[in-house]
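Novice: Sequence:
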Amino acid sequence: MRFFLVLWAVAVFWVSASQAQTNIEDITEGVQLRSERIEVLSQDLDRPDANLIDLRNDIRSLKREAETQTTQIRANYAEVQADLERIGPAPEETDPPELEVIAEERSRLRAQAALLNGTIRQSDLNIAEADRLLQEIADKRREQFSNTILARSASLLSPALWGEASARMISQGEVFLDHFTEWQGQSKATGQYRLYIIYLIASLLGALILFIPVRYYLGRLIVKQLETLKPMASRKVMVAAARAFVRVIPGLIGGILFLEVLEFVGIIQPEAEALARMIWLSIVALLLVDGATLGVFGPHHDAWRIVRLQGGQVLQIRSLLFLSTFIIGLSLAALESQNIVGGSTEYTLWVQGITAFSLAMTLFLLMQKRLWVSDTLDKDAPDEKPGSLLPRFRIALQLASGVAIIATVIGFIPLAHYLMTRIFYLLAVAVVIWLLRSMLREAVRLVDKKFTSHHKAEEGGSLIYFWIGVVIDATALLAFVPPALLLLGAEWTDVRGVVADAFFGFQIGSFRISISKILTAIGFFLLLLYVTRWVQRTAETRLFPKSRIDIGVQNSLKTLIGYIGLIVAFTIGIGTLGFNLSNLAIIAGALSVGIGFGLQSIVNNFVSGLILLFERPIKVGDWIITTSGEGIVKRISVRSTEIETFNRSSIIVPNSELISSAVTNWTHKDKIGRVIVPIGVTYNADTDEVIRLLEEVGEEHPQILSHPAPYVYFDAFGDSSLNFELRAFISDVSNSLFVRGELRVAIFKKLKEAGVEIPFPQRDLHIRSNATSQGEIEL
261 MRFFLVLWAV AVFWVSASQA QTNIEDITEG VQLRSERIEV LSQDLDRPDA NLIDLRNDIR
321 SLKREAETQT TQIRANYAEV QADLERIGPA PEETDPPELE VIAEERSRLR AQAALLNGTI
381 RQSDLNIAEA DRLLQEIADK RREQFSNTIL ARSASLLSPA LWGEASARMI SQGEVFLDHF
441 TEWQGQSKAT GQYRLYIIYL IASLLGALIL FIPVRYYLGR LIVKQLETLK PMASRKVMVA
501 AARAFVRVIP GLIGGILFLE VLEFVGIIQP EAEALARMIW LSIVALLLVD GATLGVFGPH
561 HDAWRIVRLQ GGQVLQIRSL LFLSTFIIGL SLAALESQNI VGGSTEYTLW VQGITAFSLA
621 MTLFLLMQKR LWVSDTLDKD APDEKPGSLL PRFRIALQLA SGVAIIATVI GFIPLAHYLM
681 TRIFYLLAVA VVIWLLRSML REAVRLVDKK FTSHHKAEEG GSLIYFWIGV VIDATALLAF
741 VPPALLLLGA EWTDVRGVVA DAFFGFQIGS FRISISKILT AIGFFLLLLY VTRWVQRTAE
801 TRLFPKSRID IGVQNSLKTL IGYIGLIVAF TIGIGTLGFN LSNLAIIAGA LSVGIGFGLQ
861 SIVNNFVSGL ILLFERPIKV GDWIITTSGE GIVKRISVRS TEIETFNRSS IIVPNSELIS
921 SAVTNWTHKD KIGRVIVPIG VTYNADTDEV IRLLEEVGEE HPQILSHPAP YVYFDAFGDS
981 SLNFELRAFI SDVSNSLFVR GELRVAIFKK LKEAGVEIPF PQRDLHIRSN ATSQGEIEL
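This note's numbering numbers the first residue of the sequence shown as 261 and each following residue consecutively.
These aren't lab readings, by the way, just hints derived from the structure by calculation. There's no promise every hint is true.
As the list claims (entries may be wrong) - Result set (DSSO-like, lysine-lysine): computed pairs, CA atoms no more than 30 Å apart in a straight line:
no., residue 1, residue 2
1, 894, 931
2, 931, 818
3, 448, 323
4, 931, 806
5, 806, 629
6, 929, 818
7, 323, 777
8, 818, 894
9, 818, 806
Claimed, not checked - So the derived label-pair ranges between C-beta atoms look like this:
no., residue 1, residue 2, range
10, 1021, 930, 36 to 42 Å
11, 629, 473, 50 to 56 Å
12, 473, 520, 54 to 60 Å
13, 410, 448, 19 to 25 Å
14, 652, 520, 56 to 62 Å
15, 410, 659, 14 to 20 Å
16, 324, 875, 58 to 64 Å
From the three backbone atoms N, C-alpha and C, an ideal C-beta is built for every residue, glycine too.
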């Protein structure tokens, strides 16, 4: 039997060893091939005509492959080391000999460990070499970009530049005219010229109908409905977006219709489709700017203006923004036309120079202080707001426009064109993201208002709205970064890599930090917190009113639901981030000593608050008396309890005081309480009659319980009166003050009608005369 076991062990070791050896050889071969590939790419990088983008993508792929494989190799290395530790070291000479198969397995594992260790080092070298090449590529691309932007060119005032550009424009016009003439001749030859003209006229009329009547109708239908609401900061953005929408959509549809007809009749050839679509997109951009500025500045609706400026200022700002959009669209179309009819460097520089100069002048005029300061000193005007950054922003943009104007004159046209176009592009992206952010905040506000309108006293909803708003703002800021990088000249692959690294995270030890995990954790936390608030509101408004649960128990249940929901939301949020909850328990245990010393009072109050909620010695609505004061319990929170006195002042009592000290609770089990009304009568009164009269008063009062029945207690023989007490129980002890007052009035009337006297305090005055003291009177 032992012999077969040894054979089985040898067979298993042999199979596993052969498989492991094959895997290690494949991994080692892959690392070696990757090293050779990186070496080839390094040599290609030194060529002057090297495609840096393709090289960078190849090197990034090799680096990612190396990182993935290195992780696997490290795991294999750890397994081999663990097997070596299980086998143990080789026996000493004095120890009994071990099986030969064990010795062979130890030698094999040691060889594997050495090979894996060398492979890991080689793979680490591959990653380091890839990082070096990527940095070198980044430096070269940055140098190429700088050389392109800062390249010295002809001045915009150069007559040669204008002459070459004029000639190129004339030749382009002739090419387009020849193309139209050729199309006209071909259409007439086929007999379809008149039909094509009808198609063009019909599509143009359709576009105009969409642009004018339909836009007017949509404006009245959508915008007018929104304007019936109360103007609010975020709601104004919704109206502005609606105005932009109704102005863009008709032009968008009409433009598509007209373009399709142009392509159908053959005026637009395939090589000219890009130019036609560029012109159409420029028109759409003009419509979008027109609608957005109309919504933001609201020249005809003062109440809905997001930026409160005067009518003349609004007209100038809208005109300048419209002009800048027209200049950018025209320049893009002019540059795109070179792909059809050909172009030259001088023509490109001329277009860029005219564009940069025009945009610089427009920007300088747009940033004038008089356009952004209200004559009526309206604090809503941008330059009038306390702490506004707009004045500095205006000055910076005016300086940039001045630099661009000078650059076009002295021969740095590419720099001026890059500076001006990027400023306007970034401003456009920022405005779009700001509009989307404001609309999201308004949507969240409406949802929050829907759930909190019936319970305005609760502040949980507004708190959740605040944190959701923070998340929206952070998301908007992050969303601005990728398009900003693209507009500033970064390649899409670079931006995609940055976004992917930021979104999917990076590794720190065994923990991976990523924006996706953070946003998911925050989303789960807020969602569960919102669900908790919804459950609390539902229980309070629908479940509790239909039950007979005491109001104090209802408050305790509601608070416990909040605590449980908060703990669950926090736990799931931490788990979503990737934290191991067992590690969290270890951290909590390590912090327990510090908590015991530094936060002893806070923890004591917290635990006392939980005891109050579970044991319920006091609850919301109870009338209690403590060493700190007397009043009605209004709220039991985590750390303290709020008591409202009968003077309408609030006493904040730590929960630990209510647990460790004596507390008088008038309404602990129920609201039944006893009232005592003392009364004194003259010594001439009939005690039996007095007792009967007082009992009648107690029985006649509507709030005094018949069981236990009221009774009269003969208290004492006073100095001036016989002292009685009327003792009775009422259903609600909180009304004891009013009941005692009403009983005193009733007793006074009853005794007066019966002729029973309520005596004044009586004092005997003794006068003694001392003859030897010359008439001195002693009292």
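Novice: For every hint, state whether the structure bears it out.
Specialist: These are the hints, each one checked on the structure:
1. 894 x 931: Holds: residue 894 and residue 931 sit about 17 Å apart, inside 30 Å.
2. 931 x 818: 22 Å, holds
3. 448 x 323: 62 Å, violated
4. 931 x 806: The given pair, whose Cα atoms are some 21 Å apart, holds under the 30 Å limit.
5. 806 x 629: 64 Å, violated
6. 929 x 818: 20 Å, holds
7. 323 x 777: 24 Å, holds
8. 818 x 894: 14 Å, holds
9. 818 x 806: Holds, because 15 Å separates the two Cα atoms, which is no more than 30 Å.
10. 1021 x 930: 36 to 42 Å: With Cβ atoms ~40 Å apart, the hint holds.
11. 629 x 473: 50 to 56 Å: About 41 Å separates the Cβ atoms of residue 629 and residue 473, which means 50 to 56 Å is violated.
12. 473 x 520: 54 to 60 Å: Given range 54 to 60 Å: violated, Cβ gap about 21 Å.
13. 410 x 448: 19 to 25 Å: 53 Å, violated
14. 652 x 520: 56 to 62 Å: Violated - the Cβ-Cβ distance for residue 652 and residue 520, about 48 Å, lies outside 56 to 62 Å.
15. 410 x 659: 14 to 20 Å: 18 Å, holds
16. 324 x 875: 58 to 64 Å: Between residue 324 and residue 875, where Cβ atoms are some 59 Å apart, the hint holds.
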